[in-house]
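Visitor: Listed below, chain by chain, are the residues.
2 protein chains.
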Amino acid sequence: MKKIINPLPDTWLNLLERPANERADMDSLVSEVFEEVQKKGDTAIQKYTQLFDGTSLKTFKVSEEEMNAATISKELTAAIQLAKKNIETFHNSQKTATERIETTPGVICWQEKRAIQKVGLYIPGGTAPLFSTILMLAVPAQLAGCTEIVLCTPPNNEGEIDPAILYTAKLCGVTKIFKVGGVQAIAAMALGTASVPAVYKIFGPGNQFVTAAKQYATTFGVAIDMPAGPSELLVFADETAVPAFVASDLLSQAEHGADSQVVLVSTSEKMLDEVAVEIEKQLTLLPRKEIATLAMQNSKLILVDSNKTALALINTYAPEHLIIVAEDEAYFVENVQNAGSVFIGNYTPESAGDYASGTNHTLPTNGFAKQYSGVNLDSFMKSITFQKISEAGIQAIGPAIETMAAAEGLQAHKNAVSLRLKSIGNE
Amino acid sequence: MKKIINPLPDTWLNLLERPANERADMDSLVSEVFEEVQKKGDTAIQKYTQLFDGTSLKTFKVSEEEMNAATISKELTAAIQLAKKNIETFHNSQKTATERIETTPGVICWQEKRAIQKVGLYIPGGTAPLFSTILMLAVPAQLAGCTEIVLCTPPNNEGEIDPAILYTAKLCGVTKIFKVGGVQAIAAMALGTASVPAVYKIFGPGNQFVTAAKQYATTFGVAIDMPAGPSELLVFADETAVPAFVASDLLSQAEHGADSQVVLVSTSEKMLDEVAVEIEKQLTLLPRKEIATLAMQNSKLILVDSNKTALALINTYAPEHLIIVAEDEAYFVENVQNAGSVFIGNYTPESAGDYASGTNHTLPTNGFAKQYSGVNLDSFMKSITFQKISEAGIQAIGPAIETMAAAEGLQAHKNAVSLRLKSIGNE
Numbered sequence: 001m002k003k004i005i006n007p008l009p010d011t012w013l014n015l016l017e018r019p020a021n022e023r024a025d026m027d028s029l030v031s032e033v034f035e036e037v038q039k040k041g042d043t044a045i046q047k048y049t050q051l052f053d054g055t056s057l058k059t060f061k062v063s064e065e066e067m068n069a070a071t072i073s074k075e076l077t078a079a080i081q082l083a084k085k086n087i088e089t090f091h092n093s094q095k096t097a098t099e100r101i102e103t104t105p106g107v108i109c110w111q112e113k114r115a116i117q118k119v120g121l122y123i124p125g126g127t128a129p130l131f132s133t134i135l136m137l138a139v140p141a142q143l144a145g146c147t148e149i150v151l152c153t154p155p156n157n158e159g160e161i162d163p164a165i166l167y168t169a170k171l172c173g174v175t176k177i178f179k180v181g182g183v184q185a186i187a188a189m190a191l192g193t194a195s196v197p198a199v200y201k202i203f204g205p206g207n208q209f210v211t212a213a214k215q216y217a218t219t220f221g222v223a224i225d226m227p228a229g230p231s232e233l234l235v236f237a238d239e240t241a242v243p244a245f246v247a248s249d250l251l252s253q254a255e256h257g258a259d260s261q262v263v264l265v266s267t268s269e270k271m272l273d274e275v276a277v278e279i280e281k282q283l284t285l286l287p288r289k290e291i292a293t294l295a296m297q298n299s300k301l302i303l304v305d306s307n308k309t310a311l312a313l314i315n316t317y318a319p320e321h322l323i324i325v326a327e328d329e330a331y332f333v334e335n336v337q338n339a340g341s342v343f344i345g346n347y348t349p350e351s352a353g354d355y356a357s358g359t360n361h362t363l364p365t366n367g368f369a370k371q372y373s374g375v376n377l378d379s380f381m382k383s384i385t386f387q388k389i390s391e392a393g394i395q396a397i398g399p400a401i402e403t404m405a406a407a408e409g410l411q412a413h414k415n416a417v418s419l420r421l422k423s424i425g426n427e
Numbered sequence: 001m002k003k004i005i006n007p008l009p010d011t012w013l014n015l016l017e018r019p020a021n022e023r024a025d026m027d028s029l030v031s032e033v034f035e036e037v038q039k040k041g042d043t044a045i046q047k048y049t050q051l052f053d054g055t056s057l058k059t060f061k062v063s064e065e066e067m068n069a070a071t072i073s074k075e076l077t078a079a080i081q082l083a084k085k086n087i088e089t090f091h092n093s094q095k096t097a098t099e100r101i102e103t104t105p106g107v108i109c110w111q112e113k114r115a116i117q118k119v120g121l122y123i124p125g126g127t128a129p130l131f132s133t134i135l136m137l138a139v140p141a142q143l144a145g146c147t148e149i150v151l152c153t154p155p156n157n158e159g160e161i162d163p164a165i166l167y168t169a170k171l172c173g174v175t176k177i178f179k180v181g182g183v184q185a186i187a188a189m190a191l192g193t194a195s196v197p198a199v200y201k202i203f204g205p206g207n208q209f210v211t212a213a214k215q216y217a218t219t220f221g222v223a224i225d226m227p228a229g230p231s232e233l234l235v236f237a238d239e240t241a242v243p244a245f246v247a248s249d250l251l252s253q254a255e256h257g258a259d260s261q262v263v264l265v266s267t268s269e270k271m272l273d274e275v276a277v278e279i280e281k282q283l284t285l286l287p288r289k290e291i292a293t294l295a296m297q298n299s300k301l302i303l304v305d306s307n308k309t310a311l312a313l314i315n316t317y318a319p320e321h322l323i324i325v326a327e328d329e330a331y332f333v334e335n336v337q338n339a340g341s342v343f344i345g346n347y348t349p350e351s352a353g354d355y356a357s358g359t360n361h362t363l364p365t366n367g368f369a370k371q372y373s374g375v376n377l378d379s380f381m382k383s384i385t386f387q388k389i390s391e392a393g394i395q396a397i398g399p400a401i402e403t404m405a406a407a408e409g410l411q412a413h414k415n416a417v418s419l420r421l422k423s424i425g426n427e
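As you go down the protein sequences, you meet chains A and B in turn. Start counting the first sequence at 1; every next residue gets the next number (this note's numbering). Start counting the second sequence at 1; every next residue gets the next number (this note's numbering).
So that you can see chain A by itself, here it is in the shape it has in the complex:
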């Protein structure tokens, strides 16, 4: 771990630079898969599933029998249900009431949110089943009222899906589950095949190829939740923090992958040093210590001279996850501009938000917290505006519309108002 003392603000962006992906190679593979899925549908899915997942499947849809056969331990069932309840409670609180506004007497405007009818959720495969991401995507989709919730996830080389994935999907109202992964899953949900329905918006994490595929899908008129990059955590800890807790949080980020970004900022050099010692101690006990060690090699311990400097650095970096353990935590909470999700105090580890506090763990990485929200209830809805104007209303605003339309050279726009004004006795 590299310790950096009071770096100058104009060095921050370089200091905290994220790793860049090589896009060119991915782009050609992605467009090739899309083209083949567009032309050959399920046959193409079959081919790529054989190629990338090493299993030969005739049907991709998980059957009723497979769903019913999925069993997990009582302890895990209870944990998932507790997490679901909290996620539901928090996302339900994001519902907004419709407010009708009379902008001018007789001119009533309002905005209503309606569900995106068909959504697709992508859940990556790998060494462990990421059922927690199903909670984070399917719970708000169901609360929003999406009528078709499609889930794609890669099968193992036996052609099977982990029972925790199936259990959670069923619990959260996923309507159809398909054993399809990677670029071919994104292509299937974007274009539709005989088995997999096309959806209007695709959500979920994935590796660089899945991310490139999601971005490519947008050129086919499909929306995506956000571009995704490697996960990242910035901790600000002053002398009120517990070094062992801080170390455990940094390590929980580091175990995600060798490209995870881990940054500790402090106004106390003693804290930096104590956390470094704790990291060494805890690291040796981790089953994923090779991965975590690689990630920690790129990590930074940064000493700054004040809370103000720390805040400026945080807003420049725009971390996906931000932990604040500070005597003046209110200063950071009030003034943070750019972050995905913020964890406050010694008893709020990032893992709480990853699983069970209720907030969403699908968050903007790669500095995108400057312009993107994490997934929330609104991600599964769109706003429609409505307006209703009375005769008095059009008399009040009509002349302004006529003037503006004429100034923009749009005579027919003006006419639409003039005809109505004339009919009610204004000339």
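Identical chains share a label here; the pair holds if one copy fits it or two copies do between them.
Below, in silico cross-link-like pairs of lysine to any residue (SDA-like), each with a Cα-Cα straight-line distance of 20 Å or less: (1) Lys95 to Lys113; (2) Lys300 to Pro19; (3) Lys95 to Asn335; (4) Lys74 to Ala396; (5) Lys113 to Thr98; (6) Lys113 to Glu99; (7) Lys39 to Gln50; (8) Lys113 to Thr89; (9) Lys85 to Glu99; (10) Lys176 to Ala70; (11) Lys84 to Thr71; (12) Lys95 to Arg114; (13) Lys113 to Leu311; (14) Lys2 to Thr267; (15) Lys289 to Gln411; (16) Lys95 to Glu112; (17) Lys118 to Asp10; (18) Lys118 to Leu13; (19) Lys95 to Gly145; (20) Lys40 to Ser28; (21) Lys47 to Gly125.
No wet-lab data here; the hints were simulated from the structure. Predicted, not measured: the structure shown is a model, and the values here were computed from it.
Dock chain B against the given chain A, drawing on the hints supplied.
Guide: Only chain B this time, still in chain A's reference frame:
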């Protein structure tokens, strides 16, 4: 105009097919311009401004003197101010209060919206100054609290910008205006040059090239409002509609461009025929009648057997603008799933929303109303989630987190909780 009687639902998508753009040609030009702007900055902007706008500029930033010299008629000033007031009132009503939720005793979660700090607005050039779009973008940007609001718009071949553009930009708090248009404007705002600052999100309409440039900009980590296509209007009118009004609305859409989409749906064949007659009558008087005539040739008059069928057709088409003139208007208002902005009743022309009712006119075209909102206050903000957990809170949810983290194979995630539980006496 083509009259279609009771088309079968499985023919709707073909019947209402939108024109497809040829992307390949645009993509190579767009990437070429981006590459040159990235390498040469303002020199590249100069070159393309000469090439596409026919004017040679040394500086692009509109000066204080140019801003102060911009004068428009008193009538237009008053109209713009009235529109601004209504747009402000409506967008201000979209502010949401922060709600703190205790998902489990001791686990407090909330979501706060913060402004996207730097935004870029693109205003197209052409035969008339589109100052109304500045109102639609800069008013919510200012309400949201964006600190840098950059505007790019092409100069005329004298190197000037219309005074109505300058007046409106100043009125709405735009911080910097640049005489840069087309693909080079999008590249400049995405990448930054010595003159033009890089922004986090780009808004605004434009032709196919500008749209392709905005989509390309997203691969450089910039967000965009939405992909844009030709403007479109669907009117549903039953026998309670005034044919002359309906005709004027259809024509106001048709005058936008030859590729505008205009659709009239009715349960009354008499209404379809009367509107057709009115269109012929009104069309001859329009200054932009060539454009409108071309658009009307692609327009459709569709007879359906019931309100229910009309609603299903509307939701399948997902129109940018939807006018509803119907005895049972509530049925449509309650059940429309896919539309950008809805105009209700005989006295609510689309031009009202284009200029002055208060709703936004930057709306999803091309069927994107299925998954995108029009521009609104939230478009200029992002949500950050916060959570603060007490000792009692982590005791309540900690064991569930431990179980889930272990099941996902993430031991360090589990540790971060276990350490804390241990420190407060749980093992």
